[in-house]
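Please build the complex by placing chain B on the supplied structure of chain A, with the hints as guidance.
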Amino acid sequence: MTPLAKLLEAALFASARPIATEELAALDPDASPAALAAAIDEIREHYDVEGHGVELQEIAGGWQILTRAEYTEAIERAQLAARPQRLSAAALETLAIIAYRQPTSRAEIEEIRGVAIGGVLKSLHERGLIDVVGRGEGLGRPLMYGTTPVFLEHFGLRHLEELPRADELAIALRAPVTASAAAPHE
Amino acid sequence: MSTSAFGADTPSSSFSVELPQYSGPLDLLLTLIREEQVDIYDIPIARIAQQFVERIRTLELNEAAEYLEMAARLLRIKAQLLLPAGEQELWEDPRAELVRRLLEYQQMREVVDLLERRGEERRSHFGRAYLPAQPAPLQAPLALSLVELLSAVDRVLRAVSRPDMHDVVPRAIDVPGAIELIRTVLMLRARVLLSEIIADAREPWQVLSALLGLLELAKLGELRLAQPRPFANVEISPAAPPDASARDAASEAA
Chain A
14 MTPLAKLLEA
24 ALFASARPIA
34 TEELAALDPD
44 ASPAALAAAI
54 DEIREHYDVE
64 GHGVELQEIA
74 GGWQILTRAE
84 YTEAIERAQL
94 AARPQRLSAA
104 ALETLAIIAY
114 RQPTSRAEIE
124 EIRGVAIGGV
134 LKSLHERGLI
144 DVVGRGEGLG
154 RPLMYGTTPV
164 FLEHFGLRHL
174 EELPRADELA
184 IALRAPVTAS
194 AAAPHE
Chain B
680 MSTSAFGADT
690 PSSSFSVELP
700 QYSGPLDLLL
710 TLIREEQVDI
720 YDIPIARIAQ
730 QFVERIRTLE
740 LNEAAEYLEM
750 AARLLRIKAQ
760 LLLPAGEQEL
770 WEDPRAELVR
780 RLLEYQQMRE
790 VVDLLERRGE
800 ERRSHFGRAY
810 LPAQPAPLQA
820 PLALSLVELL
830 SAVDRVLRAV
840 SRPDMHDVVP
850 RAIDVPGAIE
860 LIRTVLMLRA
870 RVLLSEIIAD
880 AREPWQVLSA
890 LLGLLELAKL
900 GELRLAQPRP
910 FANVEISPAA
920 PPDASARDAA
930 SEAA
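Protein sequences, first through last, are from chains A and B. The opening position of the first sequence corresponds to residue 14 in the numbering used here, with each subsequent residue numbered one higher. The opening position of the second sequence corresponds to residue 680 in the numbering used here, with each subsequent residue numbered one higher.
Next up, chain A with everything else stripped away, as it sits in the complex (with noise of 0.2 angstroms):
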C-alpha cells in the first residue's frame, strides 16, 4: 500500500465513528484530492481482493472500517461486543416521517402516525438521531425536527438522498406544507 492509504488506515483503524473525507484530507495537507480518493479505494480494494475479516464503508458522508457480517454471530456469541437495540416501531414510525419531512413538527407527525407521539421524541434526541433544527412560524411557534449524522450512521447511510425519493415509493406524499399553514392543526 502507498504510504498515504497506510497513514489513511490507520487514521480509520483509530476511530470508533466514520471519518468525513475532509477530515481524512488533514492527515496530510499535501495530497491532493485525487491521491485521498485513490488511497480510499486502494485500502477498499486492499481489503475485498485479499480477503480481510474487516471491510470499508462510506456511511453518514465519511469512511468507516467495520467487521464482515459473517463474523457477526461469532463475535456477539463470544461476548466481544454487542449489536445496539433496535428501534421501537414508534420510533422507526417517527424517524421515517421526520427524515422524509424535516424540519418537521410535533403536530405533523402525530398526525400522519395517527397517535400521539409522548416521549418517543426523547427517547430519540437522547439517542442522538434527531435534534432541534429550529421553530417554525405557526401558532406557539413549534419546534422544528431533524435527523442528525448518527441517524445515518445508525442505519449505514451514506447521505439522505439515500433514500427513496417520495415519488419514488409506491405512493406518494402530499406536498410538504409549509410550517405555518401546519399550525393550525385539524
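Since the hints were derived computationally from the structure, they do not count as laboratory data. C-beta: ideal position from N, C-alpha, C; glycine also. Any given hint might turn out to be false.
[Stated by the list, open to error] Chain A regions said to be covered by chain B (calculated; three or more residues, Cβ under 8 angstroms):
#	stretch
1	24-31
2	78-84
3	87-99
4	103-113
5	163-172
[Claimed, not checked] In silico contact screen, one side only, chain A against chain B (beta carbon under 7 angstroms); selected entries:
#	residue
6	I125
7	R126
8	G127
9	V128
10	L182
Only chain B this time, still in chain A's reference frame:
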C-alpha cells in the same frame, strides 16, 4: 433549551398503552383492509367499522383515545354514506380524507421497512468499540489519593502567607482588578504560569480573585488555559489569532 423542550414530551404513565400488534389506529385499519382484501379506494365502511370496534374490544384497547376517536370517525363516515347523496356534482366522498391519511401512513410504513432493512444490515457490522455519543472525556482519569489532594491544597495555601484564622472580615473579591493585572502581564509576556500570577498574593481572596479573573478572561476568549495533567501548574497564554482558534475549535468539535 432543547432539553426543557423535550421535557414536556414525557407522557403520564397511566395513559401509555401497550400495543403489541399495532402502532396506532391507522395501522389497525390498514391491517383490517389487508385481511379483508378490500380496495383501499372503496372501503366498505360499515363492515370495516364493525370489525375495528370488535378488534379494539378484544384487545382491551378501549382506554386508548386514538382508537376510540378512529372508531367514532368511522361511524360518522358510515352515517354520512347513508344520507341521500343529493346533487351528484357537489357530492364529496366522506371517505376521501380517511383514504388520504391511510395512503400517507402506508407510504411512511414503506420507509419504515426500508429503515428496518438498512438498520438490520448496519447492525450486522461492528465498528471499533461501539461508543454511544457522550461528552468529551477528561484529559486524564482523575485517580488521586487523599494525600495527593491535600498536598495540592497545601501547595496553593502555601503560595500565600498563613491566613489569619480568627479575623473574619468580609472582603470583596476583586475580579476586575485581577483581570486588569492579568491583561497587563499578558501584554508583556506570551506565556505565564498560574504560580507566577498568584506569587504576590498575600491572602486566599487574592488567589481567588486571580482565578476568577482567569476564568472570566478564558470565557471571553482573551486567553487560553492549559494544564498538561491534573494539578500541574496552569499555563496561561493569550488567545490565538481568530482564524487559528476557530480551526482548533473545529477540530476539537470533530
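Okay, the hints, checked on the actual structure:
Residue count for the stretch 24-31 of chain A with a Cβ under 8 angstroms from a Cβ of chain B: 5. That meets the three needed, and the coverage hint holds. Using a Cβ-Cβ cut-off of 8 angstroms, 5 residues of the stretch 78-84 of chain A lie near chain B, which meets the minimum of three, so the contact claim holds. Coverage of the stretch 87-99 of chain A by chain B holds [criterion: at least 3 residues with CB-CB distance below 8 angstroms; count 6]. Only when three residues or more bring their CB closer than 8 angstroms to a CB of chain B does the claim for the stretch 103-113 of chain A stand; here the count is 8, and the claim holds.
Note: the stretch 163-172 of chain A has 6 residues with beta-carbon separation from chain B under 8 angstroms; the three-residue rule is met and the coverage holds. For A/I125, the interface hint holds, since its Cβ comes within 7 angstroms of a Cβ in chain B; the closest pair sits about 6 angstroms apart. The beta carbon of A/R126 comes within 6 angstroms of a beta carbon in chain B, closer than 7 angstroms, and the hint placing it at the interface holds. A cut of 7 angstroms between beta carbons decides the hint on A/G127: the least distance to chain B is about 4 angstroms, and the hint holds.
Evaluation of the A/V128 hint against chain B yields a held restraint, the C-beta minimum of about 4 angstroms falling below 7 angstroms. Satisfaction of the interface hint for A/L182 is found here, the shortest Cβ-Cβ separation to chain B being roughly 5 angstroms, below the 7 angstroms cut-off.
Hint compliance for this structure: every hint is met.
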